[in-house]
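> Oh and the sequence shown: position 45 is 194 in the numbering used here, straight run, nothing missing.
The set of hints was computed from the structure by calculation and includes no laboratory data. All C-beta atoms, glycine included, are put in the ideal place defined by N, C-alpha and C. Among the clues, some could well be false.
Stated by the list, open to error - Cβ pair distances, simulated, as ranges:
hint, residue 1, residue 2, range
1, 185, 154, 40 to 50 Å
2, 188, 158, 53 to 63 Å
3, 153, 188, 50 to 60 Å
4, 209, 171, 42 to 52 Å
5, 162, 213, 48 to 58 Å
6, 209, 188, 34 to 44 Å
7, 214, 190, 18 to 28 Å
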Amino acid sequence: MKKDIHPDYVVTQVTCTCGASFTTRSTATSGSIHADVCSQCHPFYTGKQKILDTGGRVARFEARYAKAAKK
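Generate coordinates for the entire structure from the input sequences, incorporating the hints supplied.
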């Protein structure tokens, strides 16, 4: 590895808007990062993800075009 070309990694405190915080290492020189979402509040990780009713949409599509095929 070449010397003096890589950024320094410093200990960084990451704070989410939900209030959760954790410590990591980053090249951010301020020592702190403010995140909008994290694994504690993101819907994918919390299980509160909205699931679209794609089965109902497919059934409506098939019913609509089944009527057209009968004509």
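> Mind listing which of the numbered hints don't hold for this structure, in increasing order?
Violated hints (numbers, rising): 1, 2, 3 and 7; every other hint is consistent with the structure.
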